[in-house]
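A.B. asks: Could you build the full structure based on these sequences and the hints that come with them?
Listed in order, the protein sequences are those of chains C and L. If you number the first sequence the way this note's numbering does, the last residue is 235 and the count never jumps. If you number the second sequence the way this note's numbering does, the last residue is 470 and the count never jumps.
Keep in mind the hints are simulated off the structure, nothing from the lab. On a predicted model such as this, the values are computed, not experimentally measured, just so you know. For glycine and all other residues, C-beta sits at the position ideal for the given N, C-alpha and C. One or more hints might be untrue.
Only pairs whose alpha carbons sit at most 20 Å apart, straight line, appear in this in silico SDA-like list of lysine to any residue [unchecked claim]:
id, chain 1, residue 1, chain 2, residue 2
1, C, 170, L, 430
2, C, 170, L, 418
3, L, 418, C, 141
Just some of the chain C residues that point at chain L, by a computed CB distance under 8 Å [what the hints assert, rightly or not]:
id, residue
4, 137
5, 185
6, 206
Some chain C residues judged to face chain L by a derived CB distance under 8 Å, without partners named [claimed, not checked]:
id, residue
7, 45
8, 71
9, 142
10, 168
11, 176
12, 180
Number of protein chains: 2
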Amino acid sequence: MKNCVIASTSTLYGSTPLTYLKETLLELYNDVDEILFIPYARPGGISHDEYTHKISEIFKKLNKKITGIHKYDNPIDALTQAKGLYTGGGNTFLLVDQLYRYDLIEVLKNKILSGTPYLGTSAGSNITGLTMQTTNDMPIIYPPNFKTLGILPFNINAHYLDPDPNSTHKGETRETRIKEFHKLNPQPVVGLREGSWLRVKNNEIILGGNLSARIFEQNTSPYEVAAESSLTTLN
Amino acid sequence: MKNCVIASTSTLYGSTPLTYLKETLLELYNDVDEILFIPYARPGGISHDEYTHKISEIFKKLNKKITGIHKYDNPIDALTQAKGLYTGGGNTFLLVDQLYRYDLIEVLKNKILSGTPYLGTSAGSNITGLTMQTTNDMPIIYPPNFKTLGILPFNINAHYLDPDPNSTHKGETRETRIKEFHKLNPQPVVGLREGSWLRVKNNEIILGGNLSARIFEQNTSPYEVAAESSLTTLN
Chain C
1 MKNCVIASTS
11 TLYGSTPLTY
21 LKETLLELYN
31 DVDEILFIPY
41 ARPGGISHDE
51 YTHKISEIFK
61 KLNKKITGIH
71 KYDNPIDALT
81 QAKGLYTGGG
91 NTFLLVDQLY
101 RYDLIEVLKN
111 KILSGTPYLG
121 TSAGSNITGL
131 TMQTTNDMPI
141 IYPPNFKTLG
151 ILPFNINAHY
161 LDPDPNSTHK
171 GETRETRIKE
181 FHKLNPQPVV
191 GLREGSWLRV
201 KNNEIILGGN
211 LSARIFEQNT
221 SPYEVAAESS
231 LTTLN
Chain L
236 MKNCVIASTS
246 TLYGSTPLTY
256 LKETLLELYN
266 DVDEILFIPY
276 ARPGGISHDE
286 YTHKISEIFK
296 KLNKKITGIH
306 KYDNPIDALT
316 QAKGLYTGGG
326 NTFLLVDQLY
336 RYDLIEVLKN
346 KILSGTPYLG
356 TSAGSNITGL
366 TMQTTNDMPI
376 IYPPNFKTLG
386 ILPFNINAHY
396 LDPDPNSTHK
406 GETRETRIKE
416 FHKLNPQPVV
426 GLREGSWLRV
436 KNNEIILGGN
446 LSARIFEQNT
456 SPYEVAAESS
466 LTTLN
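C.D. replies: As structure tokens, this is what we get:
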């Protein structure tokens, strides 16, 4: 049993956070009034309290109560008892480091596998893949491991960006980076553009939003899958 | 004793690799005919042989012979005996992993500290900082450590990119990422734009090229330093 929304980004350009996902989230959290928020990724370095407060204000409009996992003396207990979950974006290295540090990886995985509604955005989506090795983030902390939850049978590249044909910059494109990843690692990578999400229900994985996603498989040219496609058999 | 050129990129847009650095390299390698090349970063996933061949063709024009460290049964001996060094760009995680795997970190550090002419570009420059934690690369492999050579008393951000004021992309800017780094780490970060390099002679560090560099210090607003400035006291 799985019930997840795994989104490229929390926020679309020119909009407020999570607005574009409103209907999707009302369905995801239909039976849940209270959601445990995991703020460990600290976008821009903001504090757990600041981050949780921002998210709490947004979820008030959906009539959902947010509590931050950092407020509990025992985060394992808090997670075990949660009825709904949201892991926000920020720095994936920091998020994964904290999940290992507090011994939460297995608990979180089992909660999601037992059907607890889960929303991930950006870093919170990266961790649902097999490893965090296709993150775009800076390695600001050394986590004990790059392995993540493996809710999906592939990896995610959130905020996927197409190469800019007019660019004069010589740093690697996203596509080049993922190609380098595939020289060493076999699993497929789903490049999720901002505005796209994966809707996971039990073993079914459907691409949500209006955009296509870019799929990278080892030893294969990258290709596009249209919105509403199934990614259930990608592995 | 140090004698290094630490460049943001090997290649400028519309030009061939290392052309913009030609005069600088002729000075750096003035007393050296043969240079040991470290191809471990494998840009775009190309092989060590392919990468070394490409670099070898470029250095022929400077009348310098290139040998790849991967060709030696004992890379520690090869490094110990080298008269000149060049570490090329590619993936910094892979480069650092290989340097640890072959037990080369201390040997390389001591060679540079004893005055062996050293060129780094991109990933090869990142490793001259205190840690590799301000790389832009993807974590395609899990290295044993993020600590690097500490030839410089700060970190490098190669291929530094200014925020694009017209961007609609919601992924983090380079500046936001470095800000997140400084929430957890104290050392300054030098944002080296493509076309810039650091010329290190003994304990003096001078910004080469025509562009300013962007300096990030913990708890301070980022600021610019002009081309030809000294960064000797930044730490």
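A.B. asks: What are the numbers of the hints the structure violates, in ascending order?
C.D. replies: 2, 6, 8
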